[in-house]
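Could you put together the complete structure from these sequences and hints?
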Amino acid sequence: MGNNLGVVQIEKNHMPVKIEQNLDGPLGFRSATPYPLPSIITKPIASLFHTTAGRHPPLPHHRRRLPLPLPHHRRSSPPSSHHRRSSTLSAPPPEREGSSLELHRFHHIFLISLTEMAGILKPQSGFVITPHKVSICILLQVYAPSGQYSVPFPFASIAQHNRLGLFLIALTKSCDDILEPTLDEFLKLLKEFGGLLDNWLSDHVTSRLSSLSSPDDLFTFFSELRGILAGPETSIVDDDQINLDPNSNLGMYLRRCLLAFNILSFEGMCHLLTNIKTYCKEAFSCPPYEMSHLDDPTNDLEAPVEYENMDLENFVLQNFTEELESRKRSTERVPFHNHSSKALSSLIEDIMVSPGQKHNHRSAESSQYMISATSALPSAEPSDVILQRTNWQIQGYLSEQAEMIEKLGSSFPMSAFESVLKLLQKVAPELHRVHFLRYLNSLYHDDYPAALENLHRYFDYSAGMEGSDFVPTSFGCTSFGRYEIALLSLGMAHFHFGHPKLALEVLTEAVRVCQQHSDDTCLAYTLTAICNLLSEVGISNMTGIMGTSDSQMTSIGTSLSVQQQLFVLLRRSLKRADSLKLKRLVASNHLAMAKFDLTHVQRPLLSFGPKASILLRTCPTNVCKKLRLSSQLIHQFDNESSVMTIDGALSTSWLKNQRKPTTSLVFPPESGSESNCDTFYSWLQSSSVPGSVLQLVGSSYLVRVTSWELYGSASLARSNALLFATCFADSSSSADLALAYGKLIQHLAVYKGYKEAFVALKIAEAKFLSISKSGILPVKLQLLHERALHRGHLKLAQQICDELGVLASSVAGVDMELKTEASLRCARTLLAANQFSQAASVAHSLFCKCYKYNLHVENATVLLLLAEIHKRSGNAVLGIPYALASLSFCQSFNLDLLRASATLTLAELWLLLGSRHAKRALNLIHGAFPVILGQGGLELKSRAYIAEAKCYLSDLSISVSEDPDIVLDSLRQACEGLDALEYHELAAEACYLMAIVLDKSGQIEQRDEAASRFKEHIIALENPVKPEDPLLNLL
Amino acid sequence: MVKMKKMMSRRDMTYCVAQLTFLSLYSTSHSTFKLATPDRHHTRRRFHFKKKFEYVNTRIPKIPMGVTKENCRNELRTAIRQLTDRCLYSASKWAAEQLVGIEQDPAKYPPSHTRLQRDCSSISRRFRSTGDEITSTPLAGTSYVSTPVPEEDNEDVDSDFYLLAKTYFNCREYRRAAHVLSDQTGKKALFLRCYALYLAGEKRKEEETIELEGPLGKSDAVNSELVSIERDLSAVRKSGTIDPFGLYLYGLVLKQKGNENLARTVLVESVNTYPWNWSAWSELQSLCTTVETLNSLKLNNHWMKDFFLASAYHELRMHNESLANYEYLQATFGYSNYVKAQIAKAQYSLREFEQVEAIFEELLRIDPYRVDDMDMYSNVLYAKECFSGLSYLAHRVFMTDKYRPESCCIIGNYYSLKGLHEKSVMYFRRALKLNKNYLSAWTLMGHEYVEMKNTPAAVDAYRRAVDINPCDYRAWYGLGQAYEMMGMPYYALHYFKKSVNLQPSDSRLWIAMAQCYETEQLRMLEEAIKCYRRAAHCNDREAIALHRLAKLHSELGQSKEAAFYYKKDLERMEDEEREGPNMVEALLFLANHCRAQKKFEEAEAYCTRLLDYNGPEKETAKSLLQAIKFAQSGFPSSDVEHFPS
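First to last, the sequence lines map onto chains S and R.
Take 14 as the starting number for the first sequence in the working numbering and just add one per residue.
Take 131 as the starting number for the second sequence in the working numbering and just add one per residue.
Incorrect hints may appear among the rest.
Said to hold, decoys possible - Below, simulated PhoX-like cross-link-like pairs (lysine-lysine); rule was C-alpha separation at most 25 Å, straight line:
| # | chain 1 | residue 1 | chain 2 | residue 2 |
| --- | --- | --- | --- | --- |
| 1 | R | K660 | S | K514 |
| 2 | R | K333 | S | K290 |
| 3 | R | K335 | S | K290 |
| 4 | S | K439 | R | K385 |
| 5 | R | K566 | S | K435 |
Said to hold, decoys possible - Chain S regions said to be covered by chain R (calculated; three or more residues, Cβ under 8 Å):
| # | stretch |
| --- | --- |
| 6 | 459 to 470 |
| 7 | 497 to 505 |
| 8 | 525 to 537 |
These are computed hints drawn from the structure, not numbers from a lab.
Heads up, the beta-carbon is just placed ideally off N, CA and C, and yes, glycines get one too.
What follows is the structure, encoded as structure tokens:
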């Protein structure tokens, strides 16, 4: 029963104080500055706590204890130490990967971990008495008036009484919240809990508060409060008399308040009094003129900051929704792309769901947001809202926000958060963590100078040590800061901004500094960062970079190719992470290895001596193994009891959930899991595994998706994507989620046709409206392009190609994958327009580029396209070698589905050479049929059916007219599939073939039907733009 | 070399190194130096006025009228009375200083009136040999607007309440003063009431900063009176009955509330109607952080504007322009200590320490209890390693007022020179306690920490300096240096770049950057060469750049460029009559190079010069000479090895 809140408090306070003292030495002058020792560990209270915890005799049974109905969440060890330890081990690279397009994407890998490594847990400073605490005390007095009997005055029943107790306990538990509610909010809360009594209670609180008008009133109030505590010596009291057990939660709280009041200086008391006055004033009148915001709203647009509801999260949320709305509004007005032609924009406006996420309207949006913000928000008094919150809370808040930024990326409301940070910085100039948050914020909003500036500022001020997780003893001395982390972060930032060369320089220096200071952990991280850099950046230009960077970091000769260097580096960093027991880093290294294995053929490392015979193929089992190893991470965390909670967070979330059923920020409708009902349990569940781990495991599923897609199992890829979208939606970053959705949509398009795909796209777009650079946009363009190609609307197709190209080379750097995709599609458009030589030249240059950048998987596709071009141009002899080359690429990378389609193309090419080769072609097709029918999409299947039919028709040894069913059935299926795809050209061909077969077998009626359908398709192909197109109106 | 430089470089970075060469230079050629100065001033002045017309293109129609000393004097006298009447003490102090600073004709006045002039005479003889003629006739083209001195309206001059309020104000009972004036309507009363309220708010703010120092190091107490003052003043301004003093106060309030644009407009209004309020000018100056904002101000061309421009130019690091302006002002205000100190400031930024020292010596003689700007003097003394002078200065300011940040800074400098870095840090910290935004103390403390090898603390201190004023290139440089010391040259480059951005004409910054590129970790020699080249163009006093350039080029095998730079270096060393290993190196390289280029005569000349030195070079030179002779005498092979001497 006796809660150990106080004891924990003391422990929590002790530890940071030690750090503080350590910090004092080297930074001499700091001692004078920021953090006065927490008042709570002054001697008297410490002894008080110890006596009550140790010597106090158990209380007799008959005395009525106040209920403690809430389960205490596990608190096996002080949360602070826990947090610290777990963050040392943290290696949660929240990769954003997926799609064959974005296979190597590893962007913000360490940002979370850096947040944690550079993380800060500064000492919690004093428990300051605030107006809100005073009103809780007033309620406490109502709850346990001294000298009253079982059911004191205002209560009608014990149940009612207990209810208030519950409420009070929740309140006291959340006393360490980042922001305290205003009186208004508090009264509202009270109303929800108070039931019948609410009016009486709120009246009582307000009248009591307003009666406190002089320091002496405060004094008497607190001495009255002392009376409701049962003294330790009064072990025998009258029956039924109410007394607050000093060791209970509420008792402890009351004692803390009393202490905090007792140590107040007279000035402090005056300040408390003025604070109470403003607290009341805000509630009862509109803020008077004096209280209005100090900045002139007409001048400084960012200044007006609304703090009326005193809840930062709410505040951000509110601003965020406003930003979202204004974004919507602005994009409504500005259709799609400014530069795109009218026709396109009108079409897209029709066809598209909502013009949400065009980030090039950012400036317009933001300015509009500003205006809307200023007009919407009345100015309010911000000053002493945050001031009284403890450092600890602000730290907690900041790390929460950091996670949010990581998760939401560029959709995080930048300007709103920036203003909060500015305020925080003004209020807490010694809290350097704010700079880091500002860095993160500007990083994710692609503000290069600001990001750089804030990063440097943060590390200059804190030396990377602001209460960080590191243990000073392991270093021997603290005189040197952890500047290697600064280097690592800087390298990652450069990487993020697309400056691989700079990034590599910085990371090399980081390696050097790490070695110099034997910071193994950071070294492991840095190595992994370099691995990511190497694997993501186009390999071709790396040789130059590797040349200039010293070889001591890799300590391998330049004789090895870059892939081999990467491989060696990967293995070494894996080993290092393993030996350092950095679980998350190990897992992420496994993932990186899996990706490497997926796309790179094993080659012997030694260029001389006896070579082990290695098949020049990728090894799917390796990939599988690595993926399994990386997702095993979750079990390790499952076994460990690693609940990281900030004290009071539980009840805070509980209180909040009582107030508003859904708290999720971004996707209000989706987050059913944490809505209303059992918030406790869901909360506990979600905290049993750290979010970063979940994210990592989630990304391993994304890699799975990609790998299955490459290996040609559409169904497995789909199920993995589904799994990701359902299980890891909450924990993963929104970019990851968008990627998974994109995969699912693409799958729908290929296997179900466009109608369904567009419906799904609509849903996804509504969901990711806020994400300016989401993965949804390229998917949309891809779908549109496919559809335009199929319908023969070439002009549109070309325009969409250009759009894709623009998307590929954005401000933040060129996205190689998107770029190859764009030029691939360009070649296909040209092919569809029968401009063979141009298409071939585009494809050729694309091949060269892919070869240069070691994109072998893409190479297989490009070769196949080349074969296709030659096939279409009727030059089968030239096409066959390309098809064969593509086949061998597919073989060595185990790209089964692609291989099947290459085989199909090969068969078509053979068929083109004349009817003599029909047999061979047929054999090839039949060989590929299992994969095609099992995993192939509608188009591939239909193509295979048509090719088969053609083979039969041209094979002189088989008379189709005798047995028309061998072709008719498959042709019919092909027709259906192609109809779904609206692929008029192929559909016409199928109908034509069907008509011929039917004609031969003498089924006149059906022949006519097929012929008329042929005519329909041909007409549709000739007039690609139809006003009554159902899809145009569909969306 | 690098290490040595690091050890030595502090304060104004490489003063010590600089100073050695400096002393050797100017001790020999002092006379030329003196002669050269006035000339240079002339050119500068001309340059300045050309500039000035470019800057100020929108001018209010002005009455062409020369400003005579008598005019100035009369204006200032009235202004002092008016300012004092409104309790704007520091502005009236400033005005009074300038008033006394105007040169008097010694013939007309009794000796007591010209006491200051007599004190100053020595320095004026020393540095201002010419230029007196200009005083009475301002340069053609500058014409001034005459602003009539406003007559005092007598409405509340005699008001008893006003007198009472003023006495309260003088006793620092601000709220009482404001209360007395609460229902007075006159402009003066309104101003004094608002001003008293403002000061009361400021005082409360100071107290609160200490009382409320919360767990987060909160230091941002607000002046709670600002809102009501702003409301009152803006109402008065709207009704059009505001006077220039009210405008000044309004600008002050607006500035504190962060409304800088409006503040600027209001202050411009104020100074245009009443130009003698120096406080208004300096508030305005602090709001002009870029040249563009400065040029966009629509200011009347009063003579006070010259003071303003000079100080603004200085803050914008346009030191030559600022100096020219002050020197022009000196023609009228020849005995103003303020102008002198400002000239010293500008000279200090131009690293003319000799002159700065002379000026301060004079200032101290005239005004022995002056503490303002003395920290700069202590820096100069530090750079010159003048122990006794520095200790004397420290003692003096300590006796005058030990709780001034400047005093603490001077004492810190003294201890630093003594090598007692802990003590010096203590005094810098005291200075910072007295004024948290005391820029140079942060930077100097950073230097101390670098000296103590406490790099994180140094970084922290420098960073604070930079955050107070992002244009402080010294602090940026210090940051870079600290990181370079920690073995993070690439990271350091960021800071050096910042610093070089702010002060592109300073060769030391370029050299530091080049050395960073040169470190064995980076070895980015191409970039290093580029930086050295910039340094060489920027009047590199220590002549490091040329030598390094030559060396790098020869390392990269570009012997032609190397020879070019060696030759330049050689010429320079000859000019400055310096000897040393660099000379030998240059000669040796050039001899070899010329021989390889078959310029035998030149090679011979270098070799013979080499013969003057002892050591192995002499032998090499001998054998080279022989080889050259062989080559010249027509032997096909002229290799030394084949024909040993």
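Among the hints numbered above, which are violated by the structure, and what are their numbers in rising order? Violated hints: none at all, because every hint is consistent with the structure.
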